[in-house]
Every structure is written in structure tokens, then in C-alpha cells.
Amino acid sequence: MLTVEPELIAQYVATGRVLYVFRPVLNHSERSLRASEAAFCAGEQGAFWPMHERLFVRQDALWATAPGDFPALMATYAAELGLDADAFAACAGAGNALATVQALDAEQRTRGITSQPIFEIAGRRIVGAQPLSVFQGLIESGP
Amino acid sequence: MERMRSLLLALLLLLGACAAPIAQAPTSIPTSPTVPPAATLPPPTAFPTATPAPSPSPTLEPTIEATLEPSPEPTLEPTPAPPLYKGAPEGRDAVGAYTLGDPAAELVLTDYSDFL
Numbered sequence: 001m002l003t004v005e006p007e008l009i010a011q012y013v014a015t016g017r018v019l020y021v022f023r024p025v026l027n028h029s030e031r032s033l034r035a036s037e038a039a040f041c042a043g044e045q046g047a048f049w050p051m052h053e054r055l056f057v058r059q060d061a062l063w064a065t066a067p068g069d070f071p072a073l074m075a076t077y078a079a080e081l082g083l084d085a086d087a088f089a090a091c092a093g094a095g096n097a098l099a100t101v102q103a104l105d106a107e108q109r110t111r112g113i114t115s116q117p118i119f120e121i122a123g124r125r126i127v128g129a130q131p132l133s134v135f136q137g138l139i140e141s142g143p
Numbered sequence: 001m002e003r004m005r006s007l008l009l010a011l012l013l014l015l016g017a018c019a020a021p022i023a024q025a026p027t028s029i030p031t032s033p034t035v036p037p038a039a040t041l042p043p044p045t046a047f048p049t050a051t052p053a054p055s056p057s058p059t060l061e062p063t064i065e066a067t068l069e070p071s072p073e074p075t076l077e078p079t080p081a082p083p084l085y086k087g088a089p090e091g092r093d094a095v096g097a098y099t100l101g102d103p104a105a106e107l108v109l110t111d112y113s114d115f116l
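For the protein sequence lines, the chains are A and B, in the order given.
Quick note, in the working numbering, the first sequence goes up one by one and the last residue is 143.
Quick note, in the working numbering, the second sequence goes up one by one and the last residue is 116.
Calculated directly from the structure, the hints in this document are not laboratory data.
None of the values given here were measured: they were computed from a predicted structure.
Check each hint, because a few of them may be wrong.
Claimed, not checked - Distance ranges between label pairs, derived from CB positions: (1) B:GLU77 <-> A:GLY68: 15 to 25 Å; (2) B:VAL95 <-> A:GLY137: 26 to 36 Å; (3) B:THR79 <-> A:SER115: 36 to 46 Å.
Don't be surprised by glycine CBs; every beta carbon is placed ideally from N, CA and C.
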């Protein structure tokens with residue numbers, strides 16, 4: 001999604017035509033949990049989307065990092081984004097962000113969202129990564 | 001004696017002659033031309049016949065001043081603007097998912113993804 005997301009944001013989200021919603025799919029156990037939790041904890045400081053971008057850009061590092069080392073890696077990313085380290089750690093320790101992530105995943109699984117990426121727009125579901133033109137066609141056809 | 005009477009009579013006549021024009025002067029003042037004729041005056045307005053409101057009871061006292069207190073200073077603080085990411089406002093939806101863009105946008109694109 002990272003390939004087409006910047007264009008979608010520039011053309012349709014920043015212009016007010018589309019509201020973009022991100023819901024985490026937890027298909028890779030502890031790594032997925034901790035990465036999503038980090039994004040939501042960054043969101044507590046108004047930096048969900050910068051962390052979201054960073055996690056996708058550093059996807060190779062996520063795979064290369066042992067699950068037990070994820071908290072340290074996430075703290076490093078938070079520091080790179082200039083977030084409050086104590087607040088970030090407190091968010092992770094509180095477990096609220098993790099609970100939200102898990103609740104979202106559990107709810108959408110009841111609707112058949114078990115793989116990723118999946119997109120929903122204007123009542124249609126698109127499974128798998130798609131070129132920008134597919135999104136453009138759906139958006140231009142209207143609600 | 002006869003002469004004194006003649007002098008008095010002459011004096012009275014003289015005084016009468018002097019006083020006569022002064023007494024007639026007011027009758028020569030013309031009436032005001034701005035007063036309209038009686039026929040053009042609007043009909044007289046009847047006075048209201050309603051019974052005048054009774055005067056307030058002497059036991060009632062105004063309470064407005066006693067109960068009104070000075071308005072408190074506004075305590076509402078301006079809502080902080082949401083953080084922007086690439087020109088779009090960040091937010092959250094009703095179930096806690098993060099959103100980007102105008103919540104009132106005509107279309108919603110939901111992205112279900114894993115970071116791995």
C-alpha cells in the first residue's frame with residue numbers, strides 16, 4: 001500500500017474528498033502486535049501517520065528484529081520521530097493501545113478480513129495490492 | 001371751587017383719552033395662521049378606558065439584582081487543531097481506528113493492513 005498511498009493522500013485525502021482509515025491486521029503474531037501498538041501509541045502523541053509510514057518503510061528491519069527486541073526498536077522509532085519517550089513507554093505499558101488494536105482485528109475478522117491488504121471503499125471490497133488506477137476508478141465513480 | 005371741578009374733569013378726560021388705545025390693543029392681535037380650521041382636525045383620540053394596572057404590592061421587591069451574579073469569565077479553551085500529515089488532519093473514528101482526512105468526506109477508504 002505504501003506505493004500508492006502517497007498519491008491517494010495527495011489527490012483525494014488532502015483535498016477533502018476521501019477519509020482514509022487504517023485498521024491493523026494482526027497476521028504476524030508478536031511482531032504485528034508490537035508494531036501496531038507502537039503506531040497507536042505514537043497516535044496518542046499525534047504521530048500515528050508518521051509512525052505508520054516509518055514502520056512500512058522499515059519493514060525489512062521489522063522482519064530482521066526478534067520479537068523480543070521489538071520494544072527497543074519501537075522506542076528507537078519513537079525517538080526518531082521526536083516523541084516523548086516516557087509517554088510512549090507508558091502507553092505501551094498501560095496496554096490500552098494494544099487492547100484497541102486487538103479489538104479492531106477481532107471485529108474485522110468476523111467480517112472476513114483475515115488477509116492483507118484489503119480495502120473497502122464505496123461499499124466495495126478490494127483484496128490485495130492494487131495499482132493507483134483501481135482506486136482512482138472507484139473514487140471517481142463516486143459513492 | 002367751580003374751577004377745581006373743571007380741572008378735575010379735564011384731567012379725567014385726559015386720562016381716559018390716554019387709556020383707551022391701551023385697552024383696545026389686545027383685540028387687534030390677529031389669530032395665529034398655523035392653527036388649522038376645526039373641520040380639518042383629526043377626530044379626538046379616545047382615552048383608554050382600561051382600568052389602570054394596580055400599583056405593585058408594597059411587599060414585592062425586585063429580585064433580579066439580588067439573584068443575578070456577574071457572568072463568569074469564559075472558561076472554554078479553543079480546541080486544538082488536529083495534527084496534520086501531508087496536509088490532511090489526523091483523527092480517530094468511533095471504534096478507535098486512526099483516520100486521515102476530513103471526517104465529512106463523501107468517501108471512506110478503509111485500509112486493512114499489517115505493518116509486516
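To see whether the hints hold, each was checked on the structure:
no.	hint	result
1	B:GLU77 <-> A:GLY68: 15 to 25 Å	violated (43 Å)
2	B:VAL95 <-> A:GLY137: 26 to 36 Å	holds (28 Å)
3	B:THR79 <-> A:SER115: 36 to 46 Å	holds (39 Å)
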